Structure formats: C-alpha cells, structure tokens
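2 protein chains.
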Amino acid sequence: MIDFEITEKEGRARKGMMRVNEKETETPFFMPVATRGSVRTLSNEEAHEIGFDVLIANAYHLLLKPGSDVIKDAGGIHRYINWPGIIFTDSGGFQMIRAGFDQDIMEEGVRFRSEVDGSTIKMTPEENIELQIDLGADVSMCLDHCPPYPAERDLLVKSVELTTRWAERCKRMGHDTFCISQGGIVDELRTRSCKELVDIGFQGYAIGGLSIGEPKEDMYRMVDICDKVYPADRPRYLMGLGSPLDILESIERGVDIFDSAYPTRNARHGTIMTWEGKISIDKGRYRKDHGPLDDSCGCPVCENYSRSFVSHLSRSRELSALRFATIHNLWFMNELMEDAKTAIANGSLRELKSEFKRHYG
Amino acid sequence: MIDFEITEKEGRARKGMMRVNEKETETPFFMPVATRGSVRTLSNEEAHEIGFDVLIANAYHLLLKPGSDVIKDAGGIHRYINWPGIIFTDSGGFQMIRAGFDQDIMEEGVRFRSEVDGSTIKMTPEENIELQIDLGADVSMCLDHCPPYPAERDLLVKSVELTTRWAERCKRMGHDTFCISQGGIVDELRTRSCKELVDIGFQGYAIGGLSIGEPKEDMYRMVDICDKVYPADRPRYLMGLGSPLDILESIERGVDIFDSAYPTRNARHGTIMTWEGKISIDKGRYRKDHGPLDDSCGCPVCENYSRSFVSHLSRSRELSALRFATIHNLWFMNELMEDAKTAIANGSLRELKSEFKRHYG
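First to last, the sequence lines map onto chains A and B. When you read off a place in the first sequence, starting at 1, and then add 163, the result is the number in our numbering. When you read off a place in the second sequence, starting at 1, and then add 163, the result is the number in our numbering.
Bear in mind the hints are in silico, worked out from the structure with no lab data behind them. These numbers were taken from a predicted model, which means no experiment stands behind them. Honestly, I wouldn't trust all of these hints.
[Stated by the list, open to error] Where chain A lies over chain B, by a calculated footprint (3+ residues, C-beta under 8 Å):
1) 223-231
2) 405-416
3) 445-453
[Claimed, not checked] Here are the simulated DSS-like cross-link-like pairs (lysine-lysine), alpha carbons at most 30 Å apart as the crow flies:
4) Lys446(B) with Lys228(A)
5) Lys228(B) with Lys285(A)
6) Lys228(A) with Lys451(B)
7) Lys285(B) with Lys235(B)
8) Lys451(A) with Lys235(B)
9) Lys358(B) with Lys441(A)
10) Lys235(A) with Lys441(B)
Using N, Cα and C, we set each Cβ at its ideal position, and we do this for glycine too.
Produce the entire structure from the sequences given, and follow the hints as far as they go.
Structure below.
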C-alpha cells in the first residue's frame, strides 16, 4: 500500500509525504536513474548522501543482466544494490518497444530479442509485474505501450487501448503499481487514457509518452489534462522529464514525482548545471578559473575543487571529471527539489520559478 | 628539510617516521599515483579516507596540462588538488625520455616534443626542479636518465654519468630532493651510481631503472646494493614497484617508500587483489557469488556490495565498477603496508611475507 498525504498546497502544486513498505519520502521528489542498479559513476551511498531517498531501476535491463534470479537470490534489489530507501522499477516497456529491438507487440504482451544473447523473450504484463515483484521493487510500473513522436492517430488509439487492457491485467497482480497514461498530445486520447486508468483505480498515476520531442506547450497541456482527470489524492509521476524548468512548470501543474537521466547524462558530457545556467566545463576558458563550479553550491565538489581543476581533469579525460560533474548536477537537482518544497509551503513557487528562469535561462 | 627517524628495525627492514613541511607519515609507505593530480576514478578525499598520507604527481604531465602557471596561480598543488598530506612530484624524466617522444638527451638537459601541442620543450635539470618547486611539491625528484631494459653497457655507463652530473645540478637548487640511482642490473655500475650520489649527498635516495622487465633476482640484487651503499639514516624509495610480494621483499631489504599504478591500473582492468590472490571480477563465475570481493576486507566496497553486484557492473561496463575495484585495491595496499609496519615492530616480517606468499601466491 502506498500511503500518500498532501500537507501543503499552492494553486495546483502539492507538497506531501509518500510512504511505502515503511520507507518514506517527501514529495515532490526527483529520482536519479539507476538503470542497472547504480547511478552512473556513483556509489549508491553517494547518491543517498547527496540527499536522494528514491531511486528508479529498470526491470528490463536487470532481467537481461544480472538476471532476476540473481537479485532475488541476493535477498532483493535493496540488499543487492545497497539502497535502504524506496526503489521504483520501470517495466522497461519503453526499452522493449523502442526501435532497434526485434520486437513485436501482441495483445498478449511483448516479444523482443535480448541484446545480451540474442534469444527471444516473451513477456506478458503479468509476467512483467511478477518480474518487478521478484526484483523486490517497492513500487512497480505497468507495462505500457509508448508510441513514438510523432505518431499516426491510429497508432495512438491502439496504444491507449492496449495500455488500458494491459493496466487492468497489471492491477490484478496486487502489487503497489503506478499506471501510465498514453495518448500522445491529442487532448481527447490523453483524456480517454487517463479516465480509463482512473476507472481501473491505481495507487499512483504516471504520465507517459511525453518529453520525446513534442513541443513544450503540448507537453504542458497534456500535464494539465492529467492533473484534471487523475484523482487529487494520489501521487502523479511525469516520466523521463529532467530539465529543471520543465520540472518546476510540472510541479506547478500538480506533478509529484520525476525521474530522468538528464543531470547525470549531461554531467558525463561535461555540462555543469549552475544557478546561473549551464556551462561546458571542458572549455579552455576555465583553465585559470579558480572559483567553484557554482558560487552558490555547497556540494563536496564545489567545496573542495575549482573549475580549473575539474576542467583540467575533463580535458585530460579522467573519469573523476565525469564523477565530479555527476555529483554536482545531482546536488543541484536535489537543491531544486528542496527549494520547490519550501516554496510550496511558503506560497512562493511562482516567484521561485521566475527567479530561476531569469538566472538559469 | 626532510626529517626521517627510524623507530623500529627487523633485520634490514625499517619502520619509521618521515616529516616534511610540517606534514608527516609513517614509513614504509605506498604512494598512490596521481599523475595529473587525481588518483584515477577517485576523489583525493577518498584516497585520503582509504588511509594514504602521501601522493605522487607527475611534474611533466602537469606542465603540459594544466600548466604550472595555473597551479602556482591556484596557490600550489595542495590547494589545487585538495590534498593536505605530503606530495611528491616525479620529474617526469622517465616520460620525457621514453620511446614515442621526439626527444633528445643533451648534457644540458632534455628536449622533447609536447604531446599536447607538438611544440618543442627544452628542460634543464635546474628548470625541472624549479618546475617542481613552482608546483609546490613537498618532495622533488632529480631529473635522471633511465635507460631501457635491456641496454648496452655503453648506454648504462652514459646514463650513470649523466644522472650523477644532473643530480649535482639538481642538488644546488636547494629543494627537498631525492636523487635516483641508475646502472641497470650491472653490479659495478649500480654501485658506482649509488656512491656518486651519496658523495653529493641528498635528503632521500631513490632506486630507478628497475621493474622494467628485468628478472626479479636481478632487481632484488640491485636493491641489496642500494641498501648497502645508501646511508642508513635517510629514506629510500624504490620507484614504480607495485606488486605486493615485491614490496614485502623490498621492505625486507631496507626500502621505505613505494609508488606504482599497479593496484589502480589492475583495478581498471577488473583485477581485484584479495588476500587469497587476484581474481578477475568480470568472469561469469561471480554472477551468483553474494560474498564480498574479499572475505577479510573491511573496505567500503566489501562492506556494502557483493562480488555478484561488482561483477554485474563490470560486465555492464559501468564506470562504478572501475571505481569500486580501485577503492578495494588501494585499501588492500594500505592494509598491506599497515601489516608490514606492525610486523616490523613485532619482529615478524618474515612470517608475514611467507604467510602472504602462501595465500596470495
């Protein structure tokens, strides 16, 4: 059972508390992505020390490697990856269904080719939830069908219908599961998808199929629809959204949960998030810049090292540079979420957003 | 001034204390290699937390990138790389003189082509020490001439003579400098090199040109010669030696200081050092091995993760795997040095060595 309590509101934005399996976290929150059980370049202790309570791993990737038998055998994913907090697992539907895979979508479920050994794997929605239960996830995600952007209306309709039927089957598994709406950026289809999922009834409601190339206005309009149709007393999760401003905009529209590889992937490409905007640390201009990555940051990298040193390591292709950037960017994301929670409590979320926009750009 | 005090002896092995610039460390000690100012994959705080007091950086690499002006400008290398302990810098002579460089050795000094911008750099022994002083090193190393193995006698003679003349010029710079003996594995030449350096008189005495392919017996015989000729009351440093058994053998022969990329480079290739020998963690056989990397290890990786998880990360090419292996292997090296010091104090170094050999192989 996922316990969710809203403690403060500002407009549609909500601050609250989510509890599951005797673990809790404040909302809204951001989940670093630990696809294979580890946030890239970090230990999970470090992700925890930065301030995160919740990670999201990927059931599909963990099924292929090391195998769910290994993780079950180890006593579950929490023990296996040393994460005492809440763990979400993504179904991996997105990965299974995405191009590049020899896959096939059937009423029954998905069929895809393992990228590890080339074998054909069939998976029903039920088996997928079973897999997430086997892994030991606190919160599982429904297997859904996510169409590409742009997609023909026919495909969007098919995806909404299939996603609903699969969600019904997932629900029957009795786990603490979030459903996921589809429908692309077509108001009527998104509304229909949300309504059908609400009729089934879930502990949490995710918004899928966005942040895949559609215009921002369309994305926000879809979030507005979900906010209207989804039950107010259940947590909402906008999947795969990671740019700070998009997150603030979505919090304002009633979203509670986010996950994205955005801060960590950017870090590995030398892009540092600062309160004055993004910078590319491998540029020569930082060679003699002895200030911290970000003047107003209290992360261990900013406390201990200069832009000059991180830039030197980055230009020398040292792995520590990727790591330093990752720690800093995740610290930034955590601060952003802390600021958002404080702002909701103070009724100043709108000011936070415009202030942020003015500096970050 | 390098202060060095021997507090315990067992045979020729020595336990002691080295102090320089109000920083101190017990001897014998092992220095992790921070060529460009950072131990690969780690933050310097982590290297310190593992237990190390001393790092060795490379003056040549730091000259090329980020430039000694940058590090001087930052207030010196300690501040630049956030290392409060002792820092040795290697002259970089080995790198400058090694194959692959368009270089030329002259009486005056070395001439080589920058691998960064292709420009020709000339460097006298005096300029090299000046560079190490500019960087802010606590201990500098003489520019020496290290011949390859095997080398003709003529080249070995030339290298001994040049190394002596350069050492004289380095000494005049008045820094806390270690000299380096050469002479390959020819008793007479090694003896001559050591004697000439002792005549000049240095604060510390290094053994160079070994661990580059020669048979172990020859290497140990050279260490024996150095032990006999070098003054007993000054620290001795065997450069570039990193295999645990070689280190124990050399401690027994009166060596106090070691550095090597051995544990960190092995780590990045998936080789884990354990008290029962080395293992290749990326092998499939560890897939379901839920024990720690090493049963008798107390490092944070062994405390928190299983062989199965580290193996999974390694086979998934996650950078955290390189990092976990590095932390573990350096922890192992630090434990080994701690054990050696305790053994010298207890008069049980020989037992430690045979016990180690029996298990590690």
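Going through the hints against the structure:
1. 223-231: holds (count 3)
2. 405-416: violated (count 0)
3. 445-453: holds (count 3)
4. Lys446(B) with Lys228(A): holds (13 Å)
5. Lys228(B) with Lys285(A): violated (52 Å)
6. Lys228(A) with Lys451(B): Within the cut-off at roughly 12 Å; holds.
7. Lys285(B) with Lys235(B): Between Lys285(B) and Lys235(B) the Cα gap is close to 20 Å, so the pair holds against 30 Å.
8. Lys451(A) with Lys235(B): holds (10 Å)
9. Lys358(B) with Lys441(A): It is violated: about 59 Å lies between the C-alpha atoms, which goes past 30 Å.
10. Lys235(A) with Lys441(B): Cα-Cα ~28 Å, so holds.
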